[in-house]
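Peer 1: Listed below are the residues making up each chain.
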Amino acid sequence: MIASITLKDGLATKGSLEAASYAVALAKAEGTEAVAVVHGPLKGDGGLGATGIAKVLHYADELQDAGQIAKLVAAAASGSSVILAHDAVGRAVAPAVAVHLNAGLVSGVTELPASGAVRRNVFSGKAMADVEVATGQAVYTVTPNTFPVAADGGVAAVEAFQAEVGEARVKVKAFHASSADGQVPLPEAELVVSAGRGLKGPENWGIVEDLASALGATTACSRPVADIGWRPHHEHVGQTGVAIRPNLYIAAGISGAIQHLAGVNQSKVIVVINTDPEAPFFKAADYGIVGDAFEVLPKLTAAVKALEA
Amino acid sequence: MNILVCISQAPDTTSRIAFTNGDKEFDPNGVQFIVNPYDEWYALVRALELKEAGGGTVTTLTVGDASTDPVIRKALAIGADAAVRVDFKPTDSMQTARLIAAHAEGKGYDLILCGKETIDYNGSVVPGMVAALLDLPYVALGTKLEVANGVATVMREVTGGEEEVEVTLPAVVSAAKGMAEQRIPNMRGIMSARTKPLQVEAGSADAATVVRTFSLPEDKGSCKMIPADQAEELIRLLREEAKVI
Numbered sequence: 636m637i638a639s640i641t642l643k644d645g646l647a648t649k650g651s652l653e654a655a656s657y658a659v660a661l662a663k664a665e666g667t668e669a670v671a672v673v674h675g676p677l678k679g680d681g682g683l684g685a686t687g688i689a690k691v692l693h694y695a696d697e698l699q700d701a702g703q704i705a706k707l708v709a710a711a712a713s714g715s716s717v718i719l720a721h722d723a724v725g726r727a728v729a730p731a732v733a734v735h736l737n738a739g740l741v742s743g744v745t746e747l748p749a750s751g752a753v754r755r756n757v758f759s760g761k762a763m764a765d766v767e768v769a770t771g772q773a774v775y776t777v778t779p780n781t782f783p784v785a786a787d788g789g790v791a792a793v794e795a796f797q798a799e800v801g802e803a804r805v806k807v808k809a810f811h812a813s814s815a816d817g818q819v820p821l822p823e824a825e826l827v828v829s830a831g832r833g834l835k836g837p838e839n840w841g842i843v844e845d846l847a848s849a850l851g852a853t854t855a856c857s858r859p860v861a862d863i864g865w866r867p868h869h870e871h872v873g874q875t876g877v878a879i880r881p882n883l884y885i886a887a888g889i890s891g892a893i894q895h896l897a898g899v900n901q902s903k904v905i906v907v908i909n910t911d912p913e914a915p916f917f918k919a920a921d922y923g924i925v926g927d928a929f930e931v932l933p934k935l936t937a938a939v940k941a942l943e944a
Numbered sequence: 002m003n004i005l006v007c008i009s010q011a012p013d014t015t016s017r018i019a020f021t022n023g024d025k026e027f028d029p030n031g032v033q034f035i036v037n038p039y040d041e042w043y044a045l046v047r048a049l050e051l052k053e054a055g056g057g058t059v060t061t062l063t064v065g066d067a068s069t070d071p072v073i074r075k076a077l078a079i080g081a082d083a084a085v086r087v088d089f090k091p092t093d094s095m096q097t098a099r100l101i102a103a104h105a106e107g108k109g110y111d112l113i114l115c116g117k118e119t120i121d122y123n124g125s126v127v128p129g130m131v132a133a134l135l136d137l138p139y140v141a142l143g144t145k146l147e148v149a150n151g152v153a154t155v156m157r158e159v160t161g162g163e164e165e166v167e168v169t170l171p172a173v174v175s176a177a178k179g180m181a182e183q184r185i186p187n188m189r190g191i192m193s194a195r196t197k198p199l200q201v202e203a204g205s206a207d208a209a210t211v212v213r214t215f216s217l218p219e220d221k222g223s224c225k226m227i228p229a230d231q232a233e234e235l236i237r238l239l240r241e242e243a244k245v246i
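Residue numbers (our numbering), protein chains in the order written: chain A, 636 to 944; chain B, 2 to 246.
Read the hints as simulated data drawn from the structure, not as lab findings. Some clues are possibly wrong.
Mimicking DSS-like on lysine-lysine, the simulated pairs with C-alpha atoms at most 30 Å apart in a straight line are [what the hints assert, rightly or not]:
hint, chain 1, residue 1, chain 2, residue 2
1, B, Lys145, B, Lys52
2, A, Lys761, B, Lys52
3, B, Lys225, A, Lys918
4, A, Lys690, A, Lys835
5, A, Lys808, A, Lys835
6, A, Lys761, A, Lys940
7, A, Lys903, B, Lys90
8, B, Lys90, A, Lys808
9, B, Lys225, A, Lys903
10, B, Lys25, A, Lys903
11, A, Lys835, A, Lys903
12, A, Lys643, A, Lys663
13, B, Lys25, A, Lys934
14, A, Lys643, A, Lys690
Covered stretches of chain A (in silico footprint by chain B; criterion: 3 or more residues with CB under 8 Å from a CB of chain B, positions within the stretch not fixed) [as the list claims (entries may be wrong)]:
hint, region
15, 653-663
16, 674-686
17, 717-728
18, 780-788
19, 803-813
20, 902-910
Here are the computed distance ranges between Cβ atoms for each label pair [as the list claims (entries may be wrong)]:
hint, chain 1, residue 1, chain 2, residue 2, range
21, B, Gly151, A, Gly841, 41 to 51 Å
22, B, Val211, A, Glu930, 19 to 29 Å
23, A, Ser713, B, Ala229, 36 to 46 Å
Ideal Cβ placement from N, Cα and C applies to all residues, glycine included.
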């Protein structure tokens, strides 16, 4: 089993740690071991040994072209199945790995394979599909926040790894960070506080940010709010924005249009705060408060702070 | 510049999802099909804008049976010059990608644009496979796309932000929100779509994955309501009952 890993500051990203943990669990079930392939500057074993990864294959240069990463991963795979995170990198790399290995690809898996099929979400979370891979090798990308990061492993051996990856055809010119300082990026976030038109104006977002900051959550918003420029586009969760799967999604002043639900319906717990008791979002919620966000959000923030005091 | 835009049909977002044939197939009965929004709003419209600015052609390609013709006509009504349909009903993305690549091979397209994913199977994999099959560079999740002197500058979504990348054409780019704005076809577009060429090609490819069964999630239990004046109770429940904070 091979896990394809993205490093940030020398350590595996959260999505990559989940992919590594998935590869370890799958390898255990098959009586083999899991190996990680990484590229670029690496600190220690990149945090991968803790997930149970036995060995880290280290390609020294940092690669930014998905085509090159795919060639590296395919070279490392040598007959094994390949696991990647279903994040921006995994989505770009996995299809090319599947082509190079002539292997079936199941993207966005949410569980380990069971009796020969693996589960993924389809129809924007409105249904599931159990998929069989018809080839010897398989390529899986793991949906963020669906598979826990294992921490009961040891230290992985690091081995230099060489492969013919060709030249970089996609060249990175600049990076623009979107997340506010200290916030976890939305697709990786376990706690999300989101708000919509019910907040009445961008100047009122302080109460949303206060609750998010007290919880250590990431802020998000509905489409109308992003479209009229109250909030940046990268915060838009929903059908055409980001699809997320946090442990907790708190939505204030969002009615819950079907396009919005499509992006958040995989959240483990949904809390809806709305002045309208008929808001459709309550039907998809676990907890609801009929009330004014301007009164309820500060109370929640105070309660979180009291809990942590 | 000659651009190929890959167009898929997808059930309208509000469709009731049901399955047939022993839960092995999507049941299209009573379902309104639309052009997959990422293909239409972002990939197709950006292709048209690039053509309007710099000349060239925009051709759409769809892998599907004749039931996809209405969404292909819609793409022509929005402004594509010509359409190709590979007459094959795919069941996995490797088939779709192989048929797109087989069509595009040797046609000299400068740019192949696809939506970042379809809203039915949400795979997000066809454009990357097409690029690998044609040995073209691939940029996923593009939110902006400019082309000058044979070089595309793309803003792409990455974890925690966006990256500006450059790639020499030909290339494959997948389109996310931001690349363009939705266009509503006008009457002239709808009329002219009837006479634009829709060429049907034969093709077939083997599947690398098979759906064993589809299923629907269990209904959520009813929502537990908390009075607004006891909002702090919610925080206690989230910690002690739901155990998420």
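Peer 1: Evaluate each hint against the coordinates.
Peer 2: So, going through the hints one by one against the coordinates:
Restraint check for Lys145 of chain B and Lys52 of chain B: satisfied, since their Cα atoms lie roughly 16 Å apart, inside the 30 Å limit. Distance check on the hinted pair: Lys761 of chain A and Lys52 of chain B sit about 37 Å apart at the alpha-carbon level, beyond 30 Å; violated. For the suggested pair Lys225 of chain B and Lys918 of chain A, the alpha carbons sit about 10 Å apart, so the restraint of at most 30 Å is met. Restraint check for Lys690 of chain A and Lys835 of chain A: not satisfied, since their Cα atoms lie roughly 53 Å apart, outside the 30 Å limit.
Between Lys808 of chain A and Lys835 of chain A the CA atoms are separated by roughly 38 Å; this puts the pair beyond 30 Å, and the hint is violated. Between Lys761 of chain A and Lys940 of chain A the CA atoms are separated by roughly 36 Å; this puts the pair beyond 30 Å, and the hint is violated. Taking the CA atoms of Lys903 of chain A and Lys90 of chain B, the gap is near 35 Å; set against the 30 Å cutoff, the hint is violated. With a CA separation close to 40 Å, the supplied pair Lys90 of chain B and Lys808 of chain A exceeds the 30 Å bound.
Restraint check for Lys225 of chain B and Lys903 of chain A: satisfied, since their Cα atoms lie roughly 15 Å apart, inside the 30 Å limit. Between Lys25 of chain B and Lys903 of chain A the CA atoms are separated by roughly 27 Å; this keeps the pair inside 30 Å, and the hint holds. The hinted pair formed by Lys835 of chain A and Lys903 of chain A meets the criterion: a straight-line CA distance of about 28 Å does not exceed 30 Å. Distance restraint check for Lys643 of chain A and Lys663 of chain A: the Cα-Cα separation of roughly 27 Å lies within the 30 Å cut-off, and the hinted pair is therefore satisfied.
The straight-line distance between the Cα atoms of Lys25 of chain B and Lys934 of chain A is roughly 48 Å, outside the 30 Å bound, and the hint therefore fails. Distance hint between Lys643 of chain A and Lys690 of chain A is fulfilled; the C-alpha atoms sit about 19 Å from each other, no more than 30 Å. Counting residues of the region 653-663 of chain A whose beta-carbon sits less than 8 Å from any beta-carbon of chain B gives 0, not enough to reach three: the coverage restraint is violated. Coverage of the region 674-686 of chain A by chain B is violated in this model, with 0 residues showing a Cβ closer than 8 Å to a Cβ of that chain against a need of three.
For a cut-off of 8 Å, the count of residues in the region 717-728 of chain A with a CB near a CB of chain B stands at 7, and the three-residue condition holds. Evaluation of the coverage hint for the region 780-788 of chain A: breached, as 0 residues show C-beta separations to chain B shorter than 8 Å, against a requirement of three. Coverage of the region 803-813 of chain A by chain B holds. Counting CB-CB distances below 8 Å, 10 residues qualify, and the rule asks for three or more. Restraint check on the region 902-910 of chain A versus chain B: 4 residues with Cβ-Cβ distances below 8 Å, three needed, restraint holds.
For the pair Gly151 of chain B and Gly841 of chain A, the supplied restraint of 41 to 51 Å holds, since their beta-carbon distance comes to about 48 Å. Distance hint for Val211 of chain B and Glu930 of chain A: a CB-CB separation of about 53 Å, inconsistent with the stated range 19 to 29 Å. Taking 36 to 46 Å as the suggested C-beta distance range, the pair Ser713 of chain A and Ala229 of chain B does not conform, at roughly 60 Å.
Comparing the model with each earlier hint shows violations of hints 2, 4, 5, 6, 7, 8, 13, 15, 16, 18, 22, 23; every other hint is respected.
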